[in-house]
Structure formats: structure tokens, C-alpha cells
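K.L.:
Taken in order, these protein sequences are the chains called P and G. Start counting the first sequence at 1144; every next residue gets the next number (the numbering used here). Start counting the second sequence at 1144; every next residue gets the next number (the numbering used here).
These are computed hints drawn from the structure, not numbers from a lab. Just to be clear, a hint being listed does not mean it is correct.
Since the list gives no way to pick one copy over another, a pair counts as held whenever it fits inside one copy or between any two copies.
With a straight-line Cα cutoff of 35 Å, these simulated DSBU-like cross-link-like pairs (lysine-lysine) come out [to be verified]: (1) Lys1219 <-> Lys1458; (2) Lys1275 <-> Lys1495; (3) Lys1160 <-> Lys1433; (4) Lys1458 <-> Lys1359; (5) Lys1243 <-> Lys1477; (6) Lys1477 <-> Lys1359; (7) Lys1227 <-> Lys1160; (8) Lys1458 <-> Lys1478; (9) Lys1160 <-> Lys1495; (10) Lys1483 <-> Lys1458; (11) Lys1224 <-> Lys1275; (12) Lys1359 <-> Lys1227; (13) Lys1224 <-> Lys1243.
There are 2 protein chains.
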Amino acid sequence: MRNPPLYFVQPYLKTKKIHPENQETPIEFISDRSIPSSLFYRRNHFPYPKLTSENYRFPITGLVRHPRIFSWNDLKRLPSKTLKVVLECSGNKRSFFEPKTFGEQWEKGAISQGEWRGVPLRTLLEITGIEKEAEEVIVEGYDYGYRSDLDRLYPYARSLPLEKAVHPDTLIAYEYNNEPIPFKHGFPFRLIVPQWYAMASVKWIKQIHITNTAFKGAFQTIDYVYYPSRENDEGAYPVTTMNVNSTIQSPLDMEILNTGRHTIRGIAWTGIGSISNIEVSIYDGETWNKMRIEASPCKSYEWCTWAYEWDVSRKGEYIIKSRAIDSYNRSQPKKPLWNKKGYGYNAEDQVKVLVE
Amino acid sequence: MRNPPLYFVQPYLKTKKIHPENQETPIEFISDRSIPSSLFYRRNHFPYPKLTSENYRFPITGLVRHPRIFSWNDLKRLPSKTLKVVLECSGNKRSFFEPKTFGEQWEKGAISQGEWRGVPLRTLLEITGIEKEAEEVIVEGYDYGYRSDLDRLYPYARSLPLEKAVHPDTLIAYEYNNEPIPFKHGFPFRLIVPQWYAMASVKWIKQIHITNTAFKGAFQTIDYVYYPSRENDEGAYPVTTMNVNSTIQSPLDMEILNTGRHTIRGIAWTGIGSISNIEVSIYDGETWNKMRIEASPCKSYEWCTWAYEWDVSRKGEYIIKSRAIDSYNRSQPKKPLWNKKGYGYNAEDQVKVLVE
Chain P
1144 MRNPPLYFVQ PYLKTKKIHP ENQETPIEFI SDRSIPSSLF YRRNHFPYPK LTSENYRFPI
1204 TGLVRHPRIF SWNDLKRLPS KTLKVVLECS GNKRSFFEPK TFGEQWEKGA ISQGEWRGVP
1264 LRTLLEITGI EKEAEEVIVE GYDYGYRSDL DRLYPYARSL PLEKAVHPDT LIAYEYNNEP
1324 IPFKHGFPFR LIVPQWYAMA SVKWIKQIHI TNTAFKGAFQ TIDYVYYPSR ENDEGAYPVT
1384 TMNVNSTIQS PLDMEILNTG RHTIRGIAWT GIGSISNIEV SIYDGETWNK MRIEASPCKS
1444 YEWCTWAYEW DVSRKGEYII KSRAIDSYNR SQPKKPLWNK KGYGYNAEDQ VKVLVE
Chain G
1144 MRNPPLYFVQ PYLKTKKIHP ENQETPIEFI SDRSIPSSLF YRRNHFPYPK LTSENYRFPI
1204 TGLVRHPRIF SWNDLKRLPS KTLKVVLECS GNKRSFFEPK TFGEQWEKGA ISQGEWRGVP
1264 LRTLLEITGI EKEAEEVIVE GYDYGYRSDL DRLYPYARSL PLEKAVHPDT LIAYEYNNEP
1324 IPFKHGFPFR LIVPQWYAMA SVKWIKQIHI TNTAFKGAFQ TIDYVYYPSR ENDEGAYPVT
1384 TMNVNSTIQS PLDMEILNTG RHTIRGIAWT GIGSISNIEV SIYDGETWNK MRIEASPCKS
1444 YEWCTWAYEW DVSRKGEYII KSRAIDSYNR SQPKKPLWNK KGYGYNAEDQ VKVLVE
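Starting from the given sequences, assemble the full structure and let the hints guide the process.
P.N.:
Below is the structure:
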């Protein structure tokens, strides 16, 4: 753009569905390191719950020594922690699977990042005490409704293994980017589970229950399970930590560019350790260039931003790719691991452009 | 949806590009027969022009007997006409071409409909008089900028053959849905050419010039031309009237439905005559059902809305298709006519769904 725009232009959430509301972040058009809540992707299974005074407290029950109800004031009085965290829907990039898989056709924007403030769940569990047999912590949200495959009202609920629940960075959050969490993102209390796909970060917390058996909720045993086979459930395993991944934000896929200098830029993130390396290819993966990582070293929980200055004089078509590697040496595969419900897409990202 | 939503949910423009601004109407989520201007798709080649007092008048020059400048007040004093018109970008549905074509990757929403009020261009040309040699009317907008394939500043301009320019429904519009045209849609004056793809409906009219030679502007000779061959320009011909077309608004592609009753609904439109028939197939085009057309008969210039109540008890995958036929007996092809720049996509529309 040689001419700056004279009128204000803003990106919007990309509408995928209205009821329930599913809209994605216009990730290609965002450079903020904390996504404003108005552009934070919205992913719902059910209609929005009705907010009442009941929402401002939740009980912790089950295998605890002192079951109790925690109020808004209790939470605000306890020591808080603020973490910048990537939340990524496990269906992010689902629309790129071949063959296509059913469900919301997310492009690259079912991901956002920002600062969540709250009390570690661990702190609350230290107050209630935990029985020795405890193995899982079930967190239920206020959202509920019908599923296409079950014949009754069903709440949104997920369990965490005790180990992850008591991780000091698993938060009962009450603020996003220094404001109370917006209603659509879980006000007043939302579980934040860094490094796990965001189905674990239950919104509108209604109750927390500790058990010694494996939770069988539909969002744990039917959905959010990788089914590698089209025909049956063989080899199925649960969706948990985010895969190592990267997204090219610019240029856009199928964009037409002129010769000259263009900035190829994007983000990279992972669910274990941190990003250690990002590479970009201009030649469809034949040769790769190591990226300058903008915030070095990349921090756990956050995405890295990266950029590459591309001087191009030869006209023609180019396939640009990006791939990230994390500190556990996980790298993006050339082809995604296809699975029936379309979770965890993390193949090398690519855009095709025409230079003329 | 058995539970009505308790909180307001609205669709947004789907952001395709910020500079210049290209955002599409969330057509699947709209039932208005006049799209509110906030959700009218935005398609720009250049940055928005700067609005000055000069914009409130434009000259008509060239092969006219009495060249003159028309002011805002002149226009408001002349007899006006209000037409409900579909405007469709000729790149609408470009993203569905296989192989993919370069340019904005429009899905189904580079189309909108609403009421344009203005003075027929014919009225102005009756005032100026036209010389006998006149053959084309060039309309230039205030928007200009660089193109990736040319090395100088270039204005947006298009010509119409005289016959189309003097059609009584070709308007110099100044209102959209009973309000002054929003700036982003051409305020104060926009050409409205019913039945032609919307590249003809020049925004921010700067000047009108009558000639006896074929206009060679880049948006007429380079862009908005069908190039059926990938290798060369053989068989090229200009983009003009809209093809007969239809779009399924609901269900969504790759949506998961339960057994029971679902409304399949959509729109259909054409650039010649009017829609005479709309058919829907539940079985991938093997059998077709004739639609109840909601406003009968369908009017020229407008889209028809149609709906089909589908009772489904058999679980499984379905490919749902729609096809429209117009009063000139044009129908949607099974496969689109591929062309290098990706214009005029009008193959039978389809969505795949899973019933479980």
C-alpha cells in the first residue's frame, strides 16, 4: 500500500454460525499481541446461558475434605496471577483437512491471545483439601442444550487430570486484558488451562467436582477425541495439549503481488515447552529460511511473531510455507494427521501468491 | 435451535482484505430483502478517495451537444426512480473454482440487494443531448491508485455501451435504502447498472464522458474479462450481465444436523429476464424438487428467496444442491466455466451435511 487509507477500515469477526454463536478472529489482519475482546473468537456449543446472581459463586464438591462455595469476593481476596495465554480451538484450521470433516469450518482464526488474571485452581483446592483417591477435577459450565446425537439436555463439562488441575498456572480467571471477562467469554469465572486446546478452558463455571473415576461426559468421550479412522473408533485418543503450529498472516492465500519487497509475517505457538525455531520457504518447501523471531526467546503459553523480508523480482507463482519447531523438537508435519472430527490440524502452513 | 438465544448475536462482514477494504456480506445469516448498508459487501480496488466539495458535482463531456456540470441540487430536482437491485461482484464465489484462481477469495457473500434511488442517466443525457457518433459512455470514479501490473497511478473507470447507458433503469443513484448512499458505497453519486455484474456500478462518480471509440481502461481490457484459457488470451470476452445463479443459505456446508425437520433455504437471481424455476436436490443431483418461490413471480433485478422443508430420518451424509433457471431458459451448469481471473462462477450450488 503506497497510499494510506483516508477512512477508517476495521476487520470483523468472521461469522461461521449464529445459533449457537461461532465466529472467528480475523487473524490475518491483527498485529496486537493481546487480541481485543471484541475480536476474540467465539466458540459455543449451546445458546448463551442466562446470567443470574447464582453465577457469582460456585461450589467445589466431591473428594475434598471441606466442600465449600467460593464467591466473587473470595476469589478477589485470594492472591491472583496474570498470564498471557494462547487459546486455540482444537478445530482451528479444520476447513483445510482433505477429505473435509464435518463441524464448524474454521479457517485460521479459531485462536486468540491475551492476558487472563485469576486465582490458581490449586489455591482453591488447597483450601478445600483433596482426598487421597482424587484423580480428576470436573468443571461444568452454565451453558447447556441439545446435541444432535443425544436426546436430552446436556451441560458443557470437562474434566482435567488432577496433575493438570493443580498446575500452578491453571487459573480460575475473572479478568481478560484488565477488564472483567466479557460475558461471551465466560463471565464471571472461566477456567484457563494454558497449553491445552481451549475446549478445556470451560466458560461460565457453575461447579467443580473432584472424582476418582474417568469422567464420561460427551465433550470428553464423543467430542474432542481424535478418531484416526473413518470407519471405526480404533486408535482413538483424547485431545489435550496444543500441537506445534504456525500461521502465515501475510501475504494472503491467492493474493496478487507486484515485484519488489514484501513482508511475510505470521505467528507460531506450541502446547509443550516453547517455540525454538521458525522457518519459511518461498519455494514450496524445497529450501527453507530461518526466521528472525521478534520476541526472543519465545515464551511458553504465548505465540511468537515472526517476519521475513522478501525481495522478489521474478514474476510467477510462489508457494510460501511456514513451519515451527518447539523446544521438545516437535515440528509441523508436511501433511496433517487426518482424523474424523477434524481436530489438531497443524500441517506446515502455506499460501500461494502470484507476482506480476 | 430449540432454545432461543438469550443474548444478542449478530453477523459481521467477513473480512477478506483491509487495504484496500474488501469484506463480504455474511449472506448465509441474512434474511432481509434489503441488506442494511452496514452488512453490504465492500469491494475496493484502491484506497478510499478523499471527499471534498468537488464530489458534489460531476461534468458530462465529450460527444454531447451541451456539455454541463450536474450538481447535487440538479440531481435532487430531477424526477427520480427507486429500484430494488441485486449487486453482485463478478468475483463472487471465486474461491470455489478448481483449480483456484488468484484474487480476492470471495465465498458466497460478494452480493447484496437493496433499494437505490436516483435519476436515470438517460435523463441527464437528454439534457446534454448526444452526438450521433456516440457509442460509449465512460464513467470515472474518484478512487485511484497503483495496480500490481501497471507502473502509474490509475483511476477506476468503466464504459457502458450507449444502449445500456440510456436504458431507463441505469441510474445515477444518491440514496440507498432511503438514506444518502454511505460513503463506502459511493457517496454522493454512484452509477447503478441493474443486471450487470457490479464492476459496472461505478462508485464516487467524478466525471462522465461520451466517446465513439472502445474504452481501453485496465478495468475493461485487463480485468473483468473472461479468459477461458490458462495459457493465453484466446477466446477472451468481457464480463457484462450476471449469470443465472442460486445460493443455499441454510444448512451450512459440512454442518451436522439431527434427524427431523430442517428448512433448506436460499436465494436465486439472474441478469436477464427473471427467475422462472428453482430446484433443490437432496441426493447430489440425482433427483430434484421444484421449489416454492416465496415472492411469485420473481421480479427482474431482485433475488428470489426460496425454501424447502426437509424431513430426514435416515442418518448419513447428504449432498444438497440448488439450481435456478431464468425466463431466457438459462440454467446453472453442473460445473463452472473456469476462467483465469475467476469471474462469473455459477455452477449448481451445493452443501454437504451429516445427519446423525
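K.L.:
What label fits lysine 1275 with lysine 1495 when the C-alpha limit is 35 Å: within, between, both, or neither?
P.N.:
neither (55 Å within a copy, 50 Å between copies)
K.L.:
One pair to classify: lysine 1243 and lysine 1477, alpha carbons no more than 35 Å apart. Within, between, both, or neither?
P.N.:
both (17 Å within a copy, 21 Å between copies)
K.L.:
Please sort lysine 1160 with lysine 1495 into within, between, both or neither, judging by C-alpha distance up to 35 Å.
P.N.:
Both. Shortest intra-copy (28 Å) and inter-copy (16 Å) distances satisfy the 35 Å Cα cut-off.
K.L.:
Within a copy, between copies, both or neither: where do lysine 1224 and lysine 1243 come within 35 Å Cα-Cα?
P.N.:
Neither. Shortest intra-copy (40 Å) and inter-copy (48 Å) distances fail the 35 Å Cα cut-off.
K.L.:
How would you classify lysine 1477 and lysine 1359 at a CA-CA limit of 35 Å: within, between, both, or neither?
P.N.:
Answer is within; shortest intra-copy Cα gap is 34 Å, inter-copy 46 Å.
K.L.:
Between the shortest in-copy and the shortest cross-copy C-alpha distance, which are at most 35 Å for lysine 1458 and lysine 1359: within, between, both, or neither?
P.N.:
Only across copies: lysine 1458 and lysine 1359 sit 24 Å apart there, 56 Å inside one copy, limit 35 Å.
K.L.:
As a check of your reading, is lysine 1458 near lysine 1478 (CA-CA no more than 35 Å) within one copy, between copies, both or neither?
P.N.:
both (28 Å within a copy, 31 Å between copies)
K.L.:
When Cα atoms must be at most 35 Å apart, do lysine 1483 and lysine 1458 count as within-copy, between-copy, both, or neither?
P.N.:
between (40 Å within a copy, 17 Å between copies)
K.L.:
Is it within, between, both, or neither for lysine 1219 and lysine 1458, if the alpha carbons may be no more than 35 Å apart?
P.N.:
For lysine 1219 and lysine 1458, neither the intra-copy (59 Å) nor the inter-copy (49 Å) Cα distance is at most 35 Å.
K.L.:
From the Cα coordinates, with 35 Å as the cut-off, is the pair lysine 1227 and lysine 1160 best called within, between, both, or neither?
P.N.:
both (28 Å within a copy, 28 Å between copies)
K.L.:
Please work out whether the CA atoms of lysine 1359 and lysine 1227 approach to 35 Å or closer within one copy, between two copies, in both situations, or in neither?
P.N.:
For lysine 1359 and lysine 1227, only the intra-copy Cα distance (31 Å) is at most 35 Å; the inter-copy one is 55 Å.
K.L.:
At most 35 Å between alpha carbons: which applies to lysine 1224 and lysine 1275, within, between, both or neither?
P.N.:
within (27 Å within a copy, 80 Å between copies)
Hint violations for this structure: numbers 1, 2 and 13, all remaining hints satisfied.
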